[in-house]
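K.L.:
Residue strings, one per chain:
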Amino acid sequence: MTVEFLSQFLAVYGSLINFIGVNALLALSLYVTLSAGQLSLGNAAFAGIGGYASGILTMHLNVPYPISVLAGAFLPAVVALLIGVPVLRIRGVFLAMATLAFGEVVRIAAVNLGITGGAQGLVGIPNKTTTFIIYGTLAATTYFLKVLGGARIGWSFASIREDETAAKVMGINTTYYKTMAFVLGAFIAGMTGAIYAHLNFIITPGEFGFSAAVQLLIYNIVGGTRSVYGPVLGAFILTALPEVLRGAGVTAGPLRLGVNGVILLLVILYLPNGLSSFFGKKGKLHAQRDGE
Amino acid sequence: MFLEFEKISRSFGGLNALSEVSFGLEAGTIHGLIGPNGSGKTTLINVVSGITEPDSGRLLLAGRPIHRLPSYRIAALGVARTFQNIRLFSSMTCLENVIAGQHLRAGRALVPLLLRLPSARREERQSREEAMACLASAGIENRASALASSLSYGERRRLEIARAMALKPRLLLLDEPIAGMHRREIEEMENLFRSLVESGVTILLIEHNMPFVMRLCSRITVLHFGQTVTTGTPEEVARHPEVIEAYLGVEDR
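Same order as they appear, the protein sequences are chains A and B.
For the first sequence, the numbering used here begins at 13 and goes up steadily by one.
For the second sequence, the numbering used here begins at 16 and goes up steadily by one.
One or more of the hints may lead you astray.
To be verified - Okay, the calculated beta carbon distance ranges per label pair:
#1 S71(B) with A151(A): 53 to 61 Å
#2 L283(A) with L92(B): 42 to 50 Å
#3 P85(B) with L267(A): 49 to 57 Å
#4 F290(A) with E144(B): 30 to 38 Å
#5 P80(B) with F106(A): 30 to 38 Å
#6 G39(B) with Y282(A): 50 to 58 Å
#7 M16(B) with L283(A): 15 to 23 Å
#8 R88(B) with G259(A): 52 to 60 Å
#9 S167(B) with L267(A): 45 to 53 Å
#10 G259(A) with R136(B): 16 to 24 Å
#11 S167(B) with L283(A): 23 to 31 Å
For the record, the hints were derived by calculation from the structure and aren't laboratory data.
Here the structure is a predicted model, which is why all the values come from computation and not from measurement.
We put the beta carbon where it would ideally sit given N, CA and C, even for glycine.
Isolated chain B, as found in the complex:
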């Protein structure tokens, strides 16, 4: 397993947001994370990215425990994410957002810049080209010099994905990446995610759009009240009685 949750628990006050969540992600796949609102999906992604520390349990990335590491060190291991409530650098342009996202890979050392060395200029050009490539694969290269705050909702989500890609992640955590997108945009995102997975990225995807999740994910984990209901292929999950109950309720007999 590339990423393995071992009995991860986290409570906020009296609320058990996650209780003993256990499942694993296979490398190079898209793993879906579904469940009703408030079932702990975002908390789980916050645990992976180091924003929330688990109360107990272990989290292993390629066999290495990461649940006590700060966010920036988890990112350095190749974990990138987007946010459900979109966190862009709103007074920067789209291109600048992605260049900022290259932090871990870019040198941008101060002294060559102060001395105006040609190597600094070369590096700057290269980082702009790479950033443009990220924008292009997210389909918003035509908005490169627009301020992030001037983008439409769908464009913001794409920019956030482009910025996450600038880190060249091994594991990408997507929290409702296609919310608010129209059908053509959704198709484009589907192609993007598939090509990312083909290039070796592992994706953990939270999404409420069921057809999208069923088409894209090779395995799905269902959370309900902070507990794992089941993990399995889309077909298995769709047939699972407890999943049907959690989503649709049960008829009184």
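Bound conformation, chain A alone:
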């Protein structure tokens, strides 16, 4: 009976569950970059590059799925390196501005190129991604980023986020680590885009536009970036919320968006560290502190 219930549940909510996993992965891609104090508005575009590249590889060249996904991760990482090296030498909002423009370039290119299928999108990508693959990737990525936080790289990211000048004079090559944070974010975004492309048969340019980029930022703000679980939680709540509201009888689109806005506002006003501040942890080394 439970099996029957489960299969029914999956039939109704399967696509929502997949969506939550994909959004959580995208939120984590931005989390990496934010954890080094850098704001990227290009992660949706990186997901787009990864999705299109891997979709095209699978459809036209019959590349096996795992290799196609890997290619979809590496290509945007290389692109990020090319953008990051000149831009990240400078401090401040330049990365946000450059990636904002870059995102538009990618979207317009996807609309106008022949190989991407234009405005209608890339149609006919084989369906190879399963819920298991999405959540396996999510678990592995979360574990990786959690461990990264305690490694040399993670400590450098945190130091740069807290005070770039102080980080420099304690011997951190800030340009190198900022670029790494940006490239790693692009890698995860591209990988997720590739996984997503093989989920729904079709991807369209609009899915990777400016509003998607901002949505990732909102997941991080609502969930909080002090812990790797924050963005996952933020993506989970904000992706599931419209369905919950539908169940509660709220059907009108604008009203649902309004609820998202109100949640964002409340979090910014009352929970500067996001929902993850409910976990009751402070600082960076939480797990081991109890021993003292």
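Chain B: place on chain A using the hints.
P.N.:
Here is chain B on its own, set in the frame of chain A:
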């Protein structure tokens, strides 16, 4: 000379913050840097730590020119510093601030951590112990798990010194390290600086508290409008007519 300034000049727009500053630091001593506000003391420390590049002149650390190197490479040569306006990692605890400061000496490689190797755990324990030792010598080990943002002003200065010590520096640049401290804290800092020098560290110290500078420094350089007025022992500097003029003014005759 362990650190040698050779005609270092730097201007910001029309303001000559430093003009042809020349003096040297002897290894294993505390060298004082004094002068009225705006005389270029902090700019000079910024030049040493690579935050500000000099327009002209040379800066030699143990004979090696460092004035064109970026900050992180100067730090790798064993130069640590504190800031006049205190730059802590405020959302980290005190212990975490010092652990972050171990960047240049810690391995913390990713793969052993991912595989949960015992060596990674051992290294983590060792780095915590060393960080606690730094906190203890700065006298704030009892605040190890407090957030840096919750510290008092004097404690913040001590934490910044502890974090600088985590680098195990050969040259320590201190920009007004005892500002805002009460007398007992000042005595503790005095002992700390003396013991650091005994262990072979060279210190360049900016400070406005004259008795403190006179007691601690073996030599003092006086800056005024970005120029070196004199370099000498505390007694020589105290008698120097131009120093008296810069600090106290001259009586009209």
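K.L.:
Now look at each hint and say whether the structure bears it out.
P.N.:
Results for each hint:
no.: 1; hint: S71(B) with A151(A): 53 to 61 Å; in the structure: 57 Å, holds
no.: 2; hint: L283(A) with L92(B): 42 to 50 Å; in the structure: 43 Å, holds
no.: 3; hint: P85(B) with L267(A): 49 to 57 Å; in the structure: 53 Å, holds
no.: 4; hint: F290(A) with E144(B): 30 to 38 Å; in the structure: 32 Å, holds
no.: 5; hint: P80(B) with F106(A): 30 to 38 Å; in the structure: 31 Å, holds
no.: 6; hint: G39(B) with Y282(A): 50 to 58 Å; in the structure: 56 Å, holds
no.: 7; hint: M16(B) with L283(A): 15 to 23 Å; in the structure: 55 Å, violated
no.: 8; hint: R88(B) with G259(A): 52 to 60 Å; in the structure: 59 Å, holds
no.: 9; hint: S167(B) with L267(A): 45 to 53 Å; in the structure: 50 Å, holds
no.: 10; hint: G259(A) with R136(B): 16 to 24 Å; in the structure: 47 Å, violated
no.: 11; hint: S167(B) with L283(A): 23 to 31 Å; in the structure: 27 Å, holds
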